[in-house]
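Undergrad: Here's the letter readout for the chains.
Number of protein chains: 4
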Amino acid sequence: MSKLTRFTVSLDDGLLDRFDKQIKAQGYPTRSKAVVDLIGDALVKEEWESGHEVAAAIIMVYDHHKRGLSTNLTHIQHDYHHLIVTSQHIHLDHSNCLEIVVVRGKPKEVRELAGKMKATKGVKYASLSAASTGKNL
Amino acid sequence: MSKLTRFTVSLDDGLLDRFDKQIKAQGYPTRSKAVVDLIGDALVKEEWESGHEVAAAIIMVYDHHKRGLSTNLTHIQHDYHHLIVTSQHIHLDHSNCLEIVVVRGKPKEVRELAGKMKATKGVKYASLSAASTGKNL
Amino acid sequence: MSKLTRFTVSLDDGLLDRFDKQIKAQGYPTRSKAVVDLIGDALVKEEWESGHEVAAAIIMVYDHHKRGLSTNLTHIQHDYHHLIVTSQHIHLDHSNCLEIVVVRGKPKEVRELAGKMKATKGVKYASLSAASTGKNL
Amino acid sequence: MSKLTRFTVSLDDGLLDRFDKQIKAQGYPTRSKAVVDLIGDALVKEEWESGHEVAAAIIMVYDHHKRGLSTNLTHIQHDYHHLIVTSQHIHLDHSNCLEIVVVRGKPKEVRELAGKMKATKGVKYASLSAASTGKNL
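Here the protein sequences line up with chains H, P, D and W, keeping their order. The first sequence begins at 287 in our numbering and counts up by one. The second sequence begins at 287 in our numbering and counts up by one. The third sequence begins at 287 in our numbering and counts up by one. The fourth sequence begins at 287 in our numbering and counts up by one.
One or more hints might be untrue.
Partner residues are not named here, just some residues of chain H that face chain P (Cβ under 10 Å, in silico) [what the hints assert, rightly or not]:
#	residue
1	Leu297
2	Gln312
3	Val322
4	Asp327
5	His368
6	Leu369
7	Thr372
8	Ile376
9	Leu378
10	Asp379
11	Gly391
12	Lys392
13	Lys394
14	Lys402
15	Lys410
By construction, these hints were calculated from the structure, which means they are not laboratory data. Here the structure is a predicted model, which is why all the values come from computation and not from measurement. We treat Cβ as the ideally placed atom computed from N, Cα and C, and that holds for glycine.
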């Protein structure tokens, strides 16, 4: 099991005062937790640049009435089935739906899959949301 | 129903050549679709700045063994239940799980909820992935 | 004068180990300096959202042969002369030049000026680089 | 010399209406220029990922009273003198100065130099602003 370690940060009191205000507004219980989150964000950014396995969600908005669209999206997902953990479909209104595809794999492949889904005719919006497998966090 | 409109873009042939290479690599069927996606991205960015209703996904990674964590996250989600459409839980490994909360509402409230979940003790990583309700796309 | 304050961060040793590797690669002399920089980045981001006075650089690439272009850019800069601190011109090659305009003012006005310069016919690329007046850092 | 080429974009009239409002607010003279800028941004992003030569500005805020700081920054700039085109120094107030270093080279080296300057003790804020040499735009 991992254990906790401590280290000390020294900074200007004016800067600390502003940081305290910011993290209070964000609902942080302690400075330490806020700093650990900043560190986590920096490490996840690196994880994506270094090519290690990552987790992510691809979020799409599309009109499910468009003919052939869901078939096309299904085909693409099958070509990348080794990356896909799960996918979920939400009805936003009569025509629009939000689909969330949870993936894990190499950043390059994950980006490729997201690109193909975005490029599909009829998809109105798609974005890739980077996360982490949590192994190294 | 909406109807299609056309307009013409004129640009340098060298630039067009590079754009064609880029969108071919991304799997776009036509230049028009690639441009429409660039426009869609720009509009969704504006939607988030202007305060209109948006859709989004909040993605969190945490260790479900942490005592009290899931109770705390549930409490927060109840405080913002009017924003939450659905949430989904994925087991990444023995300890880590990925939770995806789909929300819709004003950008300010959505950011507030995401901030509170990120600030919760035990949450390793959280990010907010902006999308759109699709109404204006 | 400001004085230094200290606080302690406690985090998982695995996470600290990864952070140490990251900041070593980035050339940081101490963990404390690296954390202070993460805090500074978070505060500057807030400065831009809150509407306080900021400093920034607008960077443009354009072909100085385009007729009327530099006159147009000069007109725009005069309309916003109260924001502009200095501007600098660099010859990239026979046709391309890089112009850097240093500005300070409200984020809204700074974005407006950057937008107008980017929209000017003949400007190939323009981006706004957020910085800070340093007063609160 | 390069020549102009044209292509047609077809999109939903509702979407076009929103795009027209957005670009009018940003001061664009024509839809075509606005689209060409979106394309340029996408190409510059790719330029940075692909490792080709880029141009950039590194912007720093620091207190010039800090002992040894300007010497340290000068040493770093000398180690990377092959990247540096020019640098400019602006006095923000009694203690703070803004320094802008214009660079061109491989994205990897440019990021490395920016990282080292940011990591230098006494530098309050540093950011790297991506631009392009304009050759391919």
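Undergrad: Hints first: check each against the structure and report whether it holds.
TA: Cross-check of the supplied hints:
no.: 1; hint: Leu297; in the structure: violated, 20 Å
no.: 2; hint: Gln312; in the structure: holds, 5 Å
no.: 3; hint: Val322; in the structure: holds, 9 Å
no.: 4; hint: Asp327; in the structure: holds, 8 Å
no.: 5; hint: His368; in the structure: violated, 16 Å
no.: 6; hint: Leu369; in the structure: violated, 13 Å
no.: 7; hint: Thr372; in the structure: holds, 6 Å
no.: 8; hint: Ile376; in the structure: holds, 6 Å
no.: 9; hint: Leu378; in the structure: holds, 5 Å
no.: 10; hint: Asp379; in the structure: holds, 7 Å
no.: 11; hint: Gly391; in the structure: violated, 13 Å
no.: 12; hint: Lys392; in the structure: violated, 16 Å
no.: 13; hint: Lys394; in the structure: violated, 12 Å
no.: 14; hint: Lys402; in the structure: holds, 5 Å
no.: 15; hint: Lys410; in the structure: holds, 4 Å
Hint violations for this structure: numbers 1, 5, 6, 11, 12, 13, all remaining hints satisfied.
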